[in-house]
Structure formats: structure tokens, C-alpha cells
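**Q** Sequence lines, in order, name chains F and C.
Letter by letter, the first sequence follows residues 6 to 767 of the working numbering.
Letter by letter, the second sequence follows residues 35 to 374 of the working numbering.
If you are wondering where the hints come from, they were derived from the structure by calculation, not from laboratory data.
All clues given are correct.
Some but not every residue of chain F turned toward chain C, in silico, with C-beta under 8 Å: (1) 626; (2) 627; (3) 667; (4) 678; (5) 684; (6) 691; (7) 692.
The beta carbon of each residue, even a glycine, is placed where N, CA and C say it ideally should be.
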Amino acid sequence: MTYQTVGRSKPRVDAPAKVTGKALYPGDITYPDMLHMATLFAGRPHARVLAIDTAAAAAAPGVVAVFTAKDVPVNEYGMQRPDRPVLCGPGSAKAGGDVARFVGDQVALVVAETEAQARAALKLIKVEWEDLPLVLDPEAAMQPGAYQLHPDCPDNVTCSYHIRSGDVEAALTEADVVVEGVYLTPVQEHVYLQPEAGVAYIDAAGRVTVEVAGQWVHEDRKEIAHALDIPVDQVRVIYPAIGGAFGGREDMSVQITLALVAWRLAQRGIRRPVKTIWSRAESIIGHGKRHAMKLWARWGARQDGTLVAAEVKVIADGGAYCYTSNKVLGNTTLTCTGPYYIPNVSVDTYAVYTNHVPGAAFRGFGGPQGHFEAEGQMDKLAEALGIDPVELRLKNVLTDATPLPTGQPIPGGVGLTQTIIAAAQAAGWTQDADGHWHKPADGKWQMANDDTQYPIPNTQCPIKRGLGFACGFKNVGFSFGYQENSHARIELRGGTEIEEATLYIAGADVGQGHHTAMAQIAAETLGAPFERVKVVASDTATMQNAGSASASRLTYMGGNAVRGAAAQALVAWRNEDRPAVGDFKYLAPKTTTIDHETGQGRPNFAYGYVAQAVRVAVDIETGQVRIEQFISADDVGQAVNPQQVVGQIEGGVVQAVGYALLEDFRTDQGKVLTDKLSTYLIPTVLDIPEQLASIIVDVPDPNGPYGARGMGEMPYLPVAPAVAAAVYDAVGVRFDDFPLTAERVWRGLREAAGSAAGPVSE
Amino acid sequence: MQVEFELLMPKTLSEALTMLAPAAERGLADSSTPVMPIAGGTNVIPDLRDGRLRPAVLMDVSALDVLRGIRRENDLPGGLPGGLPGGRHGGGFIIIGGGTTIATLLTDPLIAQHAAALRQAAAVFANPLVRNRATVAGNLADASPAADTAPPLLVLDAEVELTSRSGTRWAPVEAFMVGVRKTVRRPAELITAIRFPVPPANSASAFHKVGLRKADAISVLSVAVLVECDADGLCHKARIALGSVAPTPIRARAAEDRLQGQVLTPALIEAAARLAAEAARPIDDLRGSAVYRQRVVGVVTRRLLTAVVDQARKVSSQFFGESPTPEEQSHATQSHHTQS
Numbered sequence: 006m007t008y009q010t011v012g013r014s015k016p017r018v019d020a021p022a023k024v025t026g027k028a029l030y031p032g033d034i035t036y037p038d039m040l041h042m043a044t045l046f047a048g049r050p051h052a053r054v055l056a057i058d059t060a061a062a063a064a065a066p067g068v069v070a071v072f073t074a075k076d077v078p079v080n081e082y083g084m085q086r087p088d089r090p091v092l093c094g095p096g097s098a099k100a101g102g103d104v105a106r107f108v109g110d111q112v113a114l115v116v117a118e119t120e121a122q123a124r125a126a127l128k129l130i131k132v133e134w135e136d137l138p139l140v141l142d143p144e145a146a147m148q149p150g151a152y153q154l155h156p157d158c159p160d161n162v163t164c165s166y167h168i169r170s171g172d173v174e175a176a177l178t179e180a181d182v183v184v185e186g187v188y189l190t191p192v193q194e195h196v197y198l199q200p201e202a203g204v205a206y207i208d209a210a211g212r213v214t215v216e217v218a219g220q221w222v223h224e225d226r227k228e229i230a231h232a233l234d235i236p237v238d239q240v241r242v243i244y245p246a247i248g249g250a251f252g253g254r255e256d257m258s259v260q261i262t263l264a265l266v267a268w269r270l271a272q273r274g275i276r277r278p279v280k281t282i283w284s285r286a287e288s289i290i291g292h293g294k295r296h297a298m299k300l301w302a303r304w305g306a307r308q309d310g311t312l313v314a315a316e317v318k319v320i321a322d323g324g325a326y327c328y329t330s331n332k333v334l335g336n337t338t339l340t341c342t343g344p345y346y347i348p349n350v351s352v353d354t355y356a357v358y359t360n361h362v363p364g365a366a367f368r369g370f371g372g373p374q375g376h377f378e379a380e381g382q383m384d385k386l387a388e389a390l391g392i393d394p395v396e397l398r399l400k401n402v403l404t405d406a407t408p409l410p411t412g413q414p415i416p417g418g419v420g421l422t423q424t425i426i427a428a429a430q431a432a433g434w435t436q437d438a439d440g441h442w443h444k445p446a447d448g449k450w451q452m453a454n455d456d457t458q459y460p461i462p463n464t465q466c467p468i469k470r471g472l473g474f475a476c477g478f479k480n481v482g483f484s485f486g487y488q489e490n491s492h493a494r495i496e497l498r499g500g501t502e503i504e505e506a507t508l509y510i511a512g513a514d515v516g517q518g519h520h521t522a523m524a525q526i527a528a529e530t531l532g533a534p535f536e537r538v539k540v541v542a543s544d545t546a547t548m549q550n551a552g553s554a555s556a557s558r559l560t561y562m563g564g565n566a567v568r569g570a571a572a573q574a575l576v577a578w579r580n581e582d583r584p585a586v587g588d589f590k591y592l593a594p595k596t597t598t599i600d601h602e603t604g605q606g607r608p609n610f611a612y613g614y615v616a617q618a619v620r621v622a623v624d625i626e627t628g629q630v631r632i633e634q635f636i637s638a639d640d641v642g643q644a645v646n647p648q649q650v651v652g653q654i655e656g657g658v659v660q661a662v663g664y665a666l667l668e669d670f671r672t673d674q675g676k677v678l679t680d681k682l683s684t685y686l687i688p689t690v691l692d693i694p695e696q697l698a699s700i701i702v703d704v705p706d707p708n709g710p711y712g713a714r715g716m717g718e719m720p721y722l723p724v725a726p727a728v729a730a731a732v733y734d735a736v737g738v739r740f741d742d743f744p745l746t747a748e749r750v751w752r753g754l755r756e757a758a759g760s761a762a763g764p765v766s767e
Numbered sequence: 035m036q037v038e039f040e041l042l043m044p045k046t047l048s049e050a051l052t053m054l055a056p057a058a059e060r061g062l063a064d065s066s067t068p069v070m071p072i073a074g075g076t077n078v079i080p081d082l083r084d085g086r087l088r089p090a091v092l093m094d095v096s097a098l099d100v101l102r103g104i105r106r107e108n109d110l111p112g113g114l115p116g117g118l119p120g121g122r123h124g125g126g127f128i129i130i131g132g133g134t135t136i137a138t139l140l141t142d143p144l145i146a147q148h149a150a151a152l153r154q155a156a157a158v159f160a161n162p163l164v165r166n167r168a169t170v171a172g173n174l175a176d177a178s179p180a181a182d183t184a185p186p187l188l189v190l191d192a193e194v195e196l197t198s199r200s201g202t203r204w205a206p207v208e209a210f211m212v213g214v215r216k217t218v219r220r221p222a223e224l225i226t227a228i229r230f231p232v233p234p235a236n237s238a239s240a241f242h243k244v245g246l247r248k249a250d251a252i253s254v255l256s257v258a259v260l261v262e263c264d265a266d267g268l269c270h271k272a273r274i275a276l277g278s279v280a281p282t283p284i285r286a287r288a289a290e291d292r293l294q295g296q297v298l299t300p301a302l303i304e305a306a307a308r309l310a311a312e313a314a315r316p317i318d319d320l321r322g323s324a325v326y327r328q329r330v331v332g333v334v335t336r337r338l339l340t341a342v343v344d345q346a347r348k349v350s351s352q353f354f355g356e357s358p359t360p361e362e363q364s365h366a367t368q369s370h371h372t373q374s
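Pulled out of the complex, with its shape left as it was, chain C reads as follows:
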């Protein structure tokens, strides 16, 4: 189906934000047609063709180089906003520009080193052609329950930067997606970045997606986990997130709480996996039944936890023997980086 629309092509971020601003704010009379940002277009174009989306105006942000790239910042300008997850990271933030493609996640050394779960999600994201176009921001903005980058970003405590002409605000990923294809983004806002605190070195994360085939498949279910523990397996922090089993990607908080402050034994991991399965609220659809999703969420959670606990403990004993101090950890992170 062919659809007619107006296409705006801003050259600067400020121009883009002006285009997004309500018509009244721009001194125009009619404010009935909000502008739809488009980057890779891998969701927007199929939605246009299928008639699910009828915007009169699209704004292509793919030319905004300022939104591209992944960087690490130890001191954020203006200081750290309140309410950030605390803890012993001390390693600053990794900031993913709002125009960064999924393919970039696969080649970026910071992601490889600090966010294995996100990298693994990128590796099974759609297909290589889509990965070259689709953006992390677009994946979140689409707010599909099956968004592949969402569970990893949830376990990484990531936040979404929403920028409009009137300023910037940060929304945790968990609060950003509020329903199937619904987010808290306001029409005048653009996703300009996604950021997450650099996980400590004695942590590990992983992602696994069960799809009906190995590529180009919307997930039947997906799980991401992150565990921070010491060499004895004492858990300092645990995160478990699930995709395709609820209206939005969700955290399995009861399962996380079961692990927190405990020594991570196989029995404990099994118990947490069961709690994760209980947290799932899946439906039957063409890809799979609710009962299959629920049970296999437990299986995958157990496997991922087992793997990441193993990794995190190894790193802990390799570098610290005991729980690290922030200084040690920062040092370890850098030396690890040099090795890689």
C-alpha cells in the first residue's frame, strides 16, 4: 500500500526539536498533525504500509550525526540526576546516542566489555540488513513487548533521554514503556540518548531469545540477567528481565530479591528461575502458547543465571579474591579493557 506523507529532514538537533514542537509553540495555527520521528524506519515503514500508522508528517533524524555513537562519561554535565540506582559502580555511564544502530552495538568495544547482554541481543536482532538501519532508540520507542534490546537495557538499569525544546528529562526504561506500543514520550520529545551505569567488573550479564527460527524472528520469549557477586558467590546485585511475556518487557523483581544478598547456589538459582516464570504473564499467540512461554522462561532464566554467576565469580576471584573496592574495580576494568 502506498501512503502519502510529508517528510522533514532536519540538519541539526535544534532544528529537529523545533520541528517536533507543537505548532502553537512554533507560531503556527494548526496543531492537529504531530510529527513522527523516523530513524531506521524498520518499524515505521511496515506500519505505514499496513495502515497501522497514518502520520501526515515524518521527520527523518538519520542525518543527525550528533545522535550517533557510544561513549563513556565519568562525569555527566550537570551532575548525576537523583534517583539513579546507587551502588558501587563508580565507573561512570555508557551513553548510547539516540541515532545509534543495532549493528553498532555489535562492534562497539564498550558494549562488548560492559554489556554482554545487550551485545547478545543485538546479535540475534532481526537480520543484518535491519540491524544496519534500526536504532536502539527506535526499538524502545516502538515499545513492542518483544523489543530485543529492552530486557538487556532493563537489567543494565538504563534510562532514556527525552529532549524537547523546553529541556531534557530522563526516564528509566522500565517507566518508559507503559503498554503495548505505548511510551511516555511526548509528541514534542525526541529520544536523544540511552544511558546506563557501567556495571562493576565483578558482574556479568547475558541475554537469550527463544525464537521460532534463528534469525529474523520475533521472540517467543526472551530473558536478560545481570548478576554482581563476589568470588564466593555472594550476590550483591541481581537483575532479571523478561520479554514477550507481558504487555511490556518486565523486571522479575521477586526473583531478583530472592538472589540479593544470598550465596548463589544451584538451588537458589532454580528458585529464582521459578519466581521469574511466575512473574511472566504471557498470552497465547501465533508464536507460542502462554504455558510454553511461562515454563521456558524458567528454563532460560536458570541457564542464564548459571552462566553469568559462573562468569562473575571467575572475574571476582581473578582480580580481587574478595569483594573489590571501587578503586580496585576501576583499575580492574581498565586493565581488562587493555587486555581485550
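Only chain F is shown next, with the shape it has when bound in the complex:
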């Protein structure tokens, strides 16, 4: 479809303020007479706080107040389960609130005239600790007799899912080919540009107000109100510019502590704004990470390539607290059998408490982990069957008619086949007259051996090249029985024509361009020029709940809300209301939980689809892997703003390339070894794929606004398995774990050659 505003790369509404430096991120905000807060982190992975002596800190120069667990009215929080103390220590209002369960647990808050004074006073706080046994291995933590980190969760299992469909054992017995694998996926840190920061104060209406970067203002407000034990309407949350999120701001960081401090100070008659900024090291230990997972898989197929059975078991390291482990694991549960129709499925997934930094939301939730196993299995099956990997996928891929292992077809407009064909053709695959797909011959793709960054001579530089393919899918929205909803309000002003449309939406623009996309949908629906739409966003005092910037949901959900509000406003406009107001809450199609024993149900209302091809060069003497070409075809339904869609594809691929090749989060006995950006390395501009082609596929979603479906996470999903497949194609060694750092590849090659102790350079 062709529209006036939707489908056009309109300039971002937030760009002028950001490029001129006018936009303030939370760390940039200052107010007169402002105080500063510093946070004392536990620094111990599992220990009970026996006593805290804050007297010296309270008496230190410039210190205004010191707060501990006893100052928190309801000392618990957690988006999905309130299992984490706001502050760990004695006098906690909740049993178990005196125990720190990971290094980033928080113990005390110091408020002082300057940041330096606040931080200096932290060192004067005397904490008496009793170290407790460490729970570090999720498999061991599930065994009888293991130390229980949360008394209400037997065997340390945070949550689990199970799918039973058909008869897996019988089908695997009858299958012509069965492939197995044990896959390990690593932790990943979000590394958003802007570390956690915020300012809290009591606003003119007497509300405890926090200006902070998050992903969901209304959820932040709810969690603050719960911990402070005050009504939500006495709390206000505002998001200024947000310096990235990627799921890492889904859970609370400084929101509750800042609110607590401003509120307690006001009770003492001190009405001064309080600011805090976490250092990068505090950010890295202080917020959750992508779950490390171990996935066991056994898949079977007939000789003709028809998938008949998949058996998968997953154990995820949930870390110290639940955070969104249930949502993450739900996505792993649905994606660990891939985007394929498989009649016999058995899936068991578990998230397990440990003393690691909590597993949390991160672009794709558990989808990247599920896809690494599922697409790894498909690559192995293709090889075992002698069938081209693209052809094998096309043969089994989900369509509008085929059911998921949860029992029902996915909602209409399934664009998987189109994305697979688009990516494969762009990479050089061809289909013959008999319908068979053929991988491009190596000769079609040769690049120079020299690397501008590393001037290794061409001679004797054994570079092996390979081509890999993978595809994926993921739900849009949280769902699993949660009634997804989003609210928007539009006010139209003018005489005969709309001169200004003010859009109120609480959705967080975390850098993805949400506010621009919403303005485009408003303009399209109103038939008004894009430039006349003014976006007012992310303030709980003036707007209702739009839901989270998460799960690829905001364009879909917020877009439907804006479209509804605009349509309503137009009716009022025609009735000559001035201003003409539209106020609309969009409710997504209903979903259900999945049955705890069988997994049957309708967990989601919409999905997004992706397929990718990647060409790598592997230096077999050093193990270094270079991505020379990357192709990502994404079914986005309808690109509201194509430039922003390409930005999301490129950003998702680059972030996942870091996950696949580079990012290596290390801990030792629960302590984080890589708490700096000099030790936790993410890709630089020189490390990203040399060529990156984004292909937009547009199979409309039946319920999405103007056919749009969510897409922010999908480009991330198949990257790691596609890269692993390409490395296998290049060197003939399978890597079922990653990141594929040079040393890991080098070791794998030597182990495969049986010459780990061989000559220095052969």
C-alpha cells in the first residue's frame, strides 16, 4: 500500500534537539540547590548483612543523610515477582531482606552536597558481613540438597515451561536422521551509551517525581509506589532523552532509590532535588544481563527433509532475582524448535536462581538463545540429509496454515517464506527447474586476502571462507495471557483545517525512533502534514499507560492506539469540537497462558520474521573471524519509517555480531571481572560487517497499524547461528558455543585436528 506519511523516511522528531545538544539525558539534568546520591553496592555475591554502621558516613563533610534497608517501607520489588530487596540489610520490612544475593545488590544510599562527598562517605560505612555459600552452577542448583536462594522457589527454579505435542520418542525412533547437540550461549551486557542516572524531587503537586531513563514510565511508577507504600498518583515518572535501553532498563535501577531518598528527605523538611549517576562499572554490575543458557537438543527428520520431531531441554542461569526470567524463558520455549512445523515436540525449559548478576530482558528476550540451538540443529540436519540449508528451511517453515507446537497456527500474514527467499537470493542462492535450491559456488564470491587493519601479507595467509544461513521469528508483545494494551490521546487545534495535532503518548523513545513513528501514524490517520504533529511523551502526570518499549511491541501497540485516538479525534473535529480530542486505549487480540504440563494455548497475537545470510573469513592460524558480508531480510509488515527500520536492522545485526564473535562477560566466584569497557569489549566501527544489506519484506500483519508488525528484535535473532554456520562452512568445525573469539576458534580447530600440542606454526 502507498500512504501519504507512513512508509516514508520522515526526519526524526527528536533529531534537532539531540544533534544540537539541547536534549537532556538524565545525567545532564541539573537543578538549583541539588543534592547528590551515591549507592553502596554489596560487592559480595552472597552474604548476609549482620550490621551496618553509618555514623561516620553521616558525620562526613557535606553528607545530608544516609539511608539503609530500615528506611524502605516495603523492602521488595520486581517487575514479575517482588523477590529483590530495594536495600539489603538489617531492619528490613521483609524477611530475607538482609541478604545480598549478587555483587550488584544495594546496601546503603548516601546523600551529600556534592557527588565527591557522597562517594567519599560510602567508604566510611562499616558493614559487617556473613558470607553465605555460593550458588553458581544452575544445573547443580536444581539438585536436591542445593542451597536455596529463595525459600518459596524449590530447587532454585524461578520458572519453567513444558510443551508436549505428539509422540517424540516414537517419532525419533522412526526418523531417518537424528541430530543432537548441546549448545551453550553466553551472558551479554547491554552497554547502552548512557549509564543509569536520574533526578528526583517533590513536584509542585506534591508528587514524588523521578526523571530517569527507562522503558515503561507507568511500570516504574507502580514499582516506586509499591516500595514506598504510597498510592501511584503520588508518584510521577518522566523520561527525558534516553541513551539506549535494549531491555536493560526494563527493571529498576535508580528509580526506587532516588524516589525513596527525595521522599524521606522531604519528610525531614529537606525539599531539594537529588541526582545520581552510576559509573560504568556500577552500571555493568548493577543491571541485569542476557541469560546464559545451556540447551540440549535431539531433532529427527525423514530422508526427504520433513522434520518429524524435536526434543529440547533448556536450563537458563536466572541469576539472583527473577526480573523478567519468565518472559525470557517463554520466548526461549517458543523459539527453541525454530520457525518450523514439527508434529512431535517435547520442550522443557527452566530458569534457575544463582548468585550471578540477574538474567534480564535483552533484545530478543530468550529468542537468540533458542534460535542458536534450533538453527544449529537445522544446519546439522541439512548436512546429514544432504539437502541445501535454504531448501530444508523452506520445506518446513511455518505458514499461515501450520500450527505451532503450542497447538494453533500463528496469527495471519506469516512472511517467513518470503524473507528466506529474499535473503537467499540476495546471497546468490538459485532455484533450479525442479524447485531445488543451490548454494552459490565459492567462486562467485572472492574478496582480497589483505586486511587493511592488519597488514598481513597475502602470501601464506590461510584464510578460509564460508557462507551461513539462518532464519527466525519472535512474538510481538508480552502476552502469554497478559492483555496487551496501549493508550494514546490526540488534541486537534485549528479552524477549518488542522493547524496543530498534539499527540500524548507515554511510550519510551529509547533511540529507536518511536516518537517519530507515532507522529507519522497520527499524520497518516488525520490526513494532516507530518510537521503539524507535536509529540508530548513519557510523563505519567499527563498521560496514560502506553506499555513498555519492549518485545518489539511499541510500533504495533502504540501505533494502534495512536491510530484509534486519531480516528476518534477526527470524529470530534467533524463535530466541530475545538480542541477536538481523541482518547483511545487499544487492546490487542486476546492470548492465553500456555498449559503448564502440555504447553498448549495461544500465547501471542502477532509475530515478526527474519532470514539472514552471512559470509565470513576465518584465519585458521590465529582463529580470527571476519564478517565480510551480511544480508538481513526482515518482514516488518509495513515499514512506517524505512530509514528507521534499516537503522534497527543494522543496529540489531551489529549488536548480535558482538554477541556472536566478541562479547565475553567473565565472572569468577560471582564477581564480575569485566566491569569496564576496556575489558568488556563491544564491536567498534571497524569490527562490524564490511557489507551489510538490509532487505525490507512487507507481508502485512492483519492487525498491525497500516499492516506494520514489530521488528526491533528480529534482526538480532539468527545472527549467532548464521555466523556459526558460516564458520563451519569455512573450516569444517562445529562450534556449539560462542562468542567465537579468535582463541575459541583456534582451540576448536586444533582440537579437531587432534594436534592441540602440535607444532608452533604449520
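For chain F, the structure is supplied; the task is to place chain C on it using the hints.
**A** This is chain C only, laid out in the frame that chain F set:
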């Protein structure tokens, strides 16, 4: 973390040396707080923030223009000090001022022509922002085993000029760094220059760093090599230096000796690469294991030697056909310079 310190900003070298001089020498009572020189600050500032460094007084030398720049001198004032590597260079010295930034190495024609290894190290040094601030002298003064400029300077037989109020001394780079973050610089001394003899035209050098990523990465290992040979591949001089595989950047002397006076065949290069790997004494750390470092040092050494031998032989046959005399070589160097 915020740290308080006093900042001195000398306007002349003599003023700087006076500030560095022991308090007693300056007629002051207390000599307990040595002055820490700071140029680009790309090591000092992070060290201050992390609490690894607690100087009470910093002295910013970045305003001393006299320390900046790269020049060539055929006759050093006061003559050549004893103990310099001999040989057939005859082409004078290249002198890198103590305040010269890494970025300058990338644009300087003398470095481009005579010290490819140093230029290549500069190209992969941290990131462009750091390269604009960090100095060669600071990189050496920091004495990290992973200092990127150290292996190239080792193969170039470079020396460090240490200047204090009481005079100047030269220390070979190899002797300058004595341990992890330890040098022979005395508190009263400032690094005022780094110099190395202009390598003969029939030589070539190269550097390669294996990092976990392509920029802004501390090396897992690094190797620099320099070979001087004639058109037949007869090696007159060989230098091999390794980074990040010992407490300091080191020379692989056994590997060098294996090449010296021999015809540089692939088999000989392979043998030298093995000796270089044996010279490495790496440790396991976050960036890589000892065994990986040791093996890949061999790989990189072989590759670099192969490349530089090829280059040096080409230059030899292009200009001389046979081994050059110093006069011929000086001429060749200049004509090459004109061409470039």
C-alpha cells in the same frame, strides 16, 4: 572517582626540569612528593580515577612545543654516544620529540619512509581520539608489556633521552623498561626524545598486533620485525621484538641470531618463528591464554618475516643488485624519498 592534585604548567623545558628537580635541590624543605609528568594523560587520568596513581603534583608538559615533532639529524651535537648499534646505517638518526603524539607518527614522512613498523603500530594504537593525545614518550613511560610502540622501537634499536637539570643520558628502549610499569627513569628526569638510527634502504620493518577487536584493544600479543638483507636474501641484520608476552616488551635474540648472516629461506624463517615463540613467556589473563599467545607469536613472526624479507630483497635488487655501500645507500634513500 574525583582526585585532587596540584597541576604545574611549565612554559619552558628548563622550567619543567626545575619543577621536576628534587625539592632539596630547589631549596625547598620537603621532598616527599615527586612530581608526575603528564602529556596526553591517556594513561595517567584513568590511573588517577582508578586509584592506581596518587600523585600530589602533576606537571603538564603538553605546552612545551620544543618537545614536539620528528626530525632527522645526521650529526648529533656532541657526537654519537658510545655503545650505539654499529653497522652500515650511516644515515644519521631520526629523533622523535618527547611530546610527539601517536597521531603524528601516522602523518610524518620520515616515519612512513624509514619506520614502517612504528607507523603500523600507530595505526592500530587505541583509537583516533587517544592517538591525538597520547605521546610516544608516554607510551614508553607507562611501561605496559602491551605498549604498542615498544616492539617497533626495539627493532629500530631506539633509545630514550632522559633529561634532568644535571644533564642528559640515553637509555636503550630495552634497558629503559625493567618490569611491568617500571622504568629506569628517575623522578627528576623527563623523557625529552626518542631516537633511532635511520635503517638502511635495504631493510624493511613491520608490526602486527593481535587484539580482541580491531580498534581500542589492548594487544593479546604483538610482534615487530626488522630485516636488512641483500638481493639474494642474505641477512645482514635481523630484529624481532614481542609485546604482551613477558613482563616487558622483549627482543627474541635467539631468533634474531638464527637469521643473522644466513640466506633467508622459508625454512629458516620458520625456524626463527619457532625460536621467537620459545622466547615468549606469556601468562593467562582476560585477553588470552599463555598457550594461544605463544603459538600465535610464532605464526605472526613467520608472516611478518616473510613479508619484510620480500620487501627488503626487492629494494635491494631495485637499487643495488648487490649489497650497497653506505654512499650508494644514502643516495638511494634520498631518491626513494623524492619518489614518495
